[in-house]
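Visitor: Chains as they are written, first to last, in my numbering: chain Y, 1 to 559; chain Z, 1 to 430; chain S, 1 to 254; chain H, 1 to 386.
Bear in mind the hints are in silico, worked out from the structure with no lab data behind them. Treat the hints with care, as some may be off.
Claimed, not checked - In silico lysine to aspartate or glutamate, DMTMM-like type, Cα no more than 25 Å apart, as pairs: (1) Lys298/Z / Glu386/Y; (2) Lys545/Y / Asp66/S; (3) Lys97/S / Glu85/S; (4) Lys301/Z / Glu255/H; (5) Lys251/Z / Asp98/Y; (6) Lys544/Y / Glu85/S; (7) Lys199/S / Glu175/S; (8) Lys232/H / Asp150/S; (9) Lys96/Y / Glu381/Z; (10) Lys298/Z / Glu314/Y; (11) Lys80/S / Glu255/H; (12) Lys218/Z / Glu248/Y; (13) Lys61/Y / Glu162/Z; (14) Lys96/Y / Glu85/Y; (15) Lys232/H / Asp132/S; (16) Lys70/Z / Glu330/Z; (17) Lys251/Z / Glu207/Y; (18) Lys132/Y / Glu162/Z; (19) Lys225/Z / Glu207/Y; (20) Lys545/Y / Glu244/H; (21) Lys61/Y / Glu385/Z; (22) Lys61/Y / Asp156/Z; (23) Lys219/Z / Glu222/Y; (24) Lys194/Z / Glu255/Y; (25) Lys81/S / Glu40/S; (26) Lys97/S / Glu193/S; (27) Lys61/Y / Glu330/Z; (28) Lys226/Z / Asp110/Y; (29) Lys97/S / Asp213/S; (30) Lys298/Z / Asp110/Y; (31) Lys226/Z / Glu248/Y; (32) Lys244/Y / Asp211/Y; (33) Lys127/Y / Glu165/Z; (34) Lys232/H / Asp82/S; (35) Lys232/H / Glu138/S.
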Amino acid sequence: MKSSTETPVAHATRQDPSERVMYRILQILFVALCLLISTHVVGLRAADDLGALVDQLGAAKLSEMDERISALAKTGDAKVIPVLEALGEGELYQRKSDGKVFLVKAQGADLLLVDPVTGTEAGQAPKAAMQKVKVNNAVRRAVRSALGGLTLFSDDAGARLKAAQSMLQTPNADALEAIETAIAAEKDATVRRVLDEARAVTLLLSERGDDEKRQAITLLAEGNGRNGLAVLTSALATADASLKPDIEAAIARIEQTQALWSAGQNVWYGLSLGSVLLLAAIGLAITFGVMGIINMAHGEMVMLGAYTTFMVQEVVRNSYPALFDWSLAIALPLAFLVTGAVGFAIERGVIRFLYGRPLETLLATWGLSLILQQSVRSIFGPTNREVGNPSWMSGAFDLGGLTITWNRLWIIVFALAVFAALLFLLKRTSMGLRMRAVTQNRRMASSMGIRTPWVDALTFALGSGIAGMAGVALSQIDNVSPNLGQGYIIDSFMVVVFGGVGNLWGTLVGAFSLGILNKFLEPYAGAVLGKILVLVLIILFIQKKPRGLFALKGRAVEA
Amino acid sequence: MNIKASVTGAFLAAVLSTTAFNGAFAADDTIKVGILHSLSGTMAISETTLKDAMLMLIDEQNKKGGLLGKKLEAVVVDPASDWPLFAEKARELVSVDKVSAVFGCWTSVSRKSVLPVFEELNSILFYPVQYEGEESQRNVFYTGAAPNQQAIPAVDYLMANESVERWVLAGTDYVYPRTTNKILEAYLISKGVKPEDIMINYTPFGHSDWQTIVSDIKKFGSAGKKTAVVSTINGDANVPFYKELANQGVKAEDIPVVAFSVGEEELAGLDTTPLVGHLAAWNYFQSVDTPANAEFIKTWKAYTKNDKRVTNDPMEAHYIGFNMWLKAVEKAGTTDTDAVLDAMIGVSVPNLSGGYSTMMPNHHITKPVLIGEIQGDGQFETVWETPGLVVGDEWSDYLPDSKDLISDWRAPMSCGNFNVATGKCGGKGS
Amino acid sequence: MNQTIGQTKPTSLLYLDGVSVSFDGFKALNALSFVIEPGELRAIIGPNGAGKTTMMDIITGKTRPDEGQVFFKGGIDLTKKDEAEIASLGIGRKFQKPTVFESHTVWDNIELALNRRRGVFATLFYQLTAADKARIEEILATVRLSARRDDLAANLSHGQKQWLEIGMLLAQEPELLLVDEPVAGMTDAETAETAVLLKEIAKTRSVVVVEHDMGFIRELGVKVTCLAEGAVLAEGSIDFVSSDPKVIENYLGR
Amino acid sequence: MITSFLMKSLDRSILVVVAILLGLAILVPALNLLTAPDHPLHVPTYLVSLFGKYLTYALLALALDLVWGFCGILSLGHAAFFALGGYAMGMYLMRQIGARGSYGNPLLPDFMVFLNWKELPWFWYGFDMFWFAALMVVLVPGLLAFVFGWFAFRSRVNGVYLSIITQAMTYALLLAFFRNDMGFGGNNGLTDFKDILGFNIQADGTRATLFAVSALILALCLILTSAIVRSKYGKVLVAVRDAESRTRFLGYRVEHIKLFAFTVSAMMAGIAGALYVPQVGIINPGEFEPGNSIEVVIWTAVGGRGTLIGPIVGAILVNGGKSIFTAAFPEFWLFALGGLFVLVTLFLPKGVVGTASAYFARRRAERRAQTGETPDNLAVEPIAAE
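Work out the full structure: start from the sequences and follow the hints.
Guide: Quick look at the structure:
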């Protein structure tokens, strides 16, 4: 099977460069035409060759892969698509015995083989008998660009959009005609827009005339994409003298738009950091802010919440993989219960003996935090645990010139939701009323028939439970390790103190203003110096307002 | 009176219990090996594995009959990621427990902290982690990679295979990234890279909010030249960094990240599917396909009773270092420090990637350099490998003040910082 | 000097004019004005929240008024000074809740209150002189605590703590003494004795007493000011004030 | 005046501890240097350094006790003062290396050489002279405490708020010293010291001397703090702790009272740090860790705050325990440590010494009641609830 029959590709590789360009243009036009008429016919004609071409992938060195992939792509055969996709995913294997290449799927310890040409199953083979077809980034790039060309005419708009985006990201002058053909046929406006941009980008790399290029430059300047900027910058070096002023103007324009957007982007980053701070601090706003316990074990509650998420995902992964996207929703109430229960136990076991001695709660809870950390280390091991992002929390989307990642967006939403729920609980429910009564005047509350010990324990459990829920969210952006909580404890105290102890709104405003401040300082001062500056500002601020942003005024506080 | 009694009582109790306790470890007919890795605190995440690996290696050796007819005995202490405590514990291991050699440390600062102790008490330390170089000490054997065994080949690979022209050097702000980046900067400029095509960024330990930096990297990468990130970001900060990369859609095909501190252990805490194609440079990968490695992995999984445990480069470094030490002790016929120090140089043992590693006169070892791409299963796939072994270069040729220095611990030179320009031992000389 | 100062100011010991202060929108004092003459003993009554304690806070510098003037001994503007300065000027204050240094002995409490230099180094190298000793003995006798001089203040009864605090104020040698509810929680015998004590003290200085206990005030037999909603409602003898319909409605009636 | 000030400090329990410290200062070096290593009474050098380290910790705890135990200021910034003193000493020791560094640069420390620093930053000038470094050991922490305290106490930042902002200060310093651009060696800090005042820092004799000096200085500081606490100023301190506004209304400038104690305490912490560095051989930003400050608080609490001997005993007990447990139960010692903190706060709120002395005071009182003696002053003030 290895002997290759004479293929057009073999010709192409032997031709000199200028001929090759011509040939490629013709080839693409031909392919596009054929595809428009009937992909079927081409497929049949090339079926035999295809198998040989695919098999060649197995024998190729990494440096030869580029060529082989474009040879495959040039067949224009739709069957090539799954083969290339598998190659990119690392699911293409070569049988050691005869060198034949298969698509594989893991099936227990063995591999399930699928014939690349016919798409039919071809039995199983032990892993040892197969060798993976090597891929590296260069190969993946080649695959992506080849796939872009092949799926540009797919029936599925989503696939076309993906193809257009990949052509936009990895522009290739050879694909220009194909893109133009695709634009002519495209009905979907979104895909069309991306294609237009891809065409402009590609055109700049091509040998087309200056007028067309100028139009392309104008188009790119109006967008705000970074892809445009990259192409324009590199085109600047090689472009004709006549084009240079246009390109420079376009670059200036894009950079200007980007500078504007970057302020917005900073606000977004600040909000996002603020939401993380809010999540980390909000449980503390209860245990420290409302109850006055200097709860150094607060970070460990967050950590326990994150480990609960890990446990839930383990179970889901092993037993109900279909539910993976729901794993966080399952983890939330569980984390609340687990950390709430731990908090309850801590309050009953230790803290209730320390009311009225706030500084001593610091010592005891510090001891507890050491114990909790080491327990987790003993049970789960000291290394990071994997907590996956469900699909709805992965990736990003563009909003104008802003890149907004889904996980950050959801975390902001979640932080605000937790805040709202907590506010409602404290201000609008009888439980909240009792909590406030007990923390404000214990003796009075107990003489009114409130079971103060019970309320104390529940309040602490509530604060801990909320910290646990924060842990679920933080597991999505940070390490899940025994040290997780340590990273948040100081920041949390800063937020609560800055915002004003005992005031939930203060915590909210404090978290977001510190987050935004931090993110605006970071580009100028760097991450470390920015953080130092924020700390110094907090220290100075406390001098001005010793009781934080939203301090309660009047003599009641000082009594 | 009473207070006096209670105070003196308490103080004496403390003194006595310490001495009595230490007495309990009095020497008998075993050879003791000290293990100085943090089991708590921030570094436990990386170092605990190495402690387990050492215990396994010692266990295996005892099954084979020990050393010089004696059993090996591991002495484990916990320096708790507290650097002065490292020095205290090192002193305790050597002068109280009388260990013959110590395997330990991870961070540069812990190594710096124990250096004077090993020098003063004349004992041996095996240091298994890739580090910044710029050091060669008589009592220390460096079994991890020097910058030329990791960083420079990785950059070479990116230049040759990915035609990278623009570089982001991102690191945690401590001495290893600082030095490595200084070396890389000098190296890149010597290769014709323009200074404006190099962006250097430092972040604090455990940095968790990478939004701004990742977007800066994206922006830097959109200047029309192929861009790559060389990451010397330390342990804990990597997970949020990679998560942010994945979420902001920085794909390996567009802006590859090559890391020097990210191994199988670190990836175990991540879903690596979006990271496929990002790179790491090490001297060993778990995926290396050799019989020795297969055996090692099997033993490791059996020892830890966990089928999911991974192996990594520093474990291999301990494997090499430990075997070298065994061989040197056998050669010397004693565990006496001076004899072993002499016997160590030139000792050659098989490594796990199919070759031999040799202890060089500068107390660094020869290693192959592997470049691997991250795979969906949390493993690396080797995409490139140095044709031969690379000798660890303790004094970098790319730093102005160290390019004239060499180290050779054989008599008669016996010097860790010999200046070839002045012909004197001791740096530049005054 | 300020033109608007009334003619009472130069002669009076304490002069408040149009003092207002509010906390979070709640007006604790509403254009309060009143005057204390040298050597006067004055009782102040009023319902809870009338602004009695706030008024004391303002005189002693704990709270700054939003508007209004507070002058001491004619020309000293108290609104520009802090607690320690005001205390050094000669205004002593007794809190509602007896506040003594519980982990010091009765003797040390008085010694700390003694009107001597109060700087860091002065106290660091302070030596107890015979004169100081005699003065402390004298005060201890006045507040009837000589026998308990070496006991910790924490071990005193409630009434004794009140006296100790009064003793501390005497040691401070103030010209004006502000006393907040001195007989709250005292037995009748203690209350009577306290009245005697205060009258004795008032011989050498001005005293302002805030109290709820009408019997006690009647026993003092001095001019009474009734505050309500942060302003003066009525002023005069106890009989005059207690027959005022506004006072009855606001305070005594319910 | 000064002598009578100091004489007042020497009550019985303090005298006993001072005598023990002076005894140790002679005995331990003697047993280390003059006895043969196999002699049953020989104290190995390892233990000399270890005990020397404990003594510096004890001094740090004593410093904290002056502000926390007697004035109620729970400072979470004492690790910072300790580290600053340590850095001042470390900079002196670095300059002493001279041309013996790896690169043989006579002026620049190694870490500056390989990071391509061309000249010595200005703030390193003067540290080649011991007297200057010694001055800085007290001045830098003292000045920081003075400035910080001046603002904080004037603004009446109190209780938990003060604790949190002192922690913020420590954390900011931690981050700052981590930065390599600061010129303090970044994460690695200062290390590889060669000698101090011309003596080899690794020699047994130097170590024994450092131990003796630590014991001596601890004894001196104990006498000093005792004198402060027993003066009228000390009574004012306790008065501020128990009833701050009462003290204020008596005419005391509470902010000055606090500021003096805070500054003196920071200076003592700086001295402790300076003694610590040559004995452990390294100073790095890890010493600024907020956790370290909390640990100091815990030593003090374990020993008994508001007693002068308590923090010394607490520091030695906890650190001795840590030394033993980290070797004996490397996997589980944190449980023991954490458990200790919880149990002490729950069951020994006055700490070991506080509880013991309360017990003996009760016994004495009972005996007195039988014999009808006159009472004498209690050696140790009890702690009032906050």
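Visitor: For the pair we were handed, Lys232/H and Asp132/S, check the Cα-Cα distance against 25 Å.
Guide: 13 Å, holds
Visitor: Can the restraint linking Lys301/Z and Glu255/H be considered satisfied, given a maximum Cα separation of 25 Å?
Guide: 63 Å, violated
Visitor: Checking one constraint from the list: CA of Lys544/Y to CA of Glu85/S, max 25 Å. Satisfied?
Guide: OK: Lys544/Y and Glu85/S at ~22 Å, within 25 Å.
Visitor: For the pair we were handed, Lys61/Y and Glu385/Z, check the Cα-Cα distance against 25 Å.
Guide: Holds, at roughly 14 Å.
Visitor: Please work out if Lys199/S and Glu175/S have their alpha carbons no farther apart than 25 Å.
Guide: Holds: Lys199/S and Glu175/S sit about 14 Å apart, inside 25 Å.
Visitor: Check the hint pairing Lys545/Y with Glu244/H against an upper bound of 25 Å on the C-alpha distance.
Guide: 19 Å, holds
Visitor: Measure nothing beyond the straight line between the CA atoms of Lys218/Z and Glu248/Y; if it is 25 Å or shorter, mark the hint as holding.
Guide: Cα-Cα ~21 Å, so holds.
Visitor: Hey, Lys244/Y versus Asp211/Y, does the alpha-carbon distance stay inside 25 Å?
Guide: 13 Å, holds
Visitor: Starting from Lys298/Z, check that the Cα of Glu314/Y is at most 25 Å away, please.
Guide: 24 Å, holds
Visitor: Lys127/Y and Glu165/Z: Cα distance at most 25 Å?
Guide: 39 Å, violated
Visitor: What's the verdict on Lys251/Z and Glu207/Y, does the C-alpha distance respect the 25 Å limit or exceed it?
Guide: Distance of about 29 Å is beyond 25 Å: violated.
Visitor: Given the hinted pair Lys298/Z and Glu386/Y, is their Cα-Cα distance within 25 Å?
Guide: 23 Å, holds
When each numbered hint is compared with the structure, violations occur for hints 4, 5, 17, 27, 28, 33.
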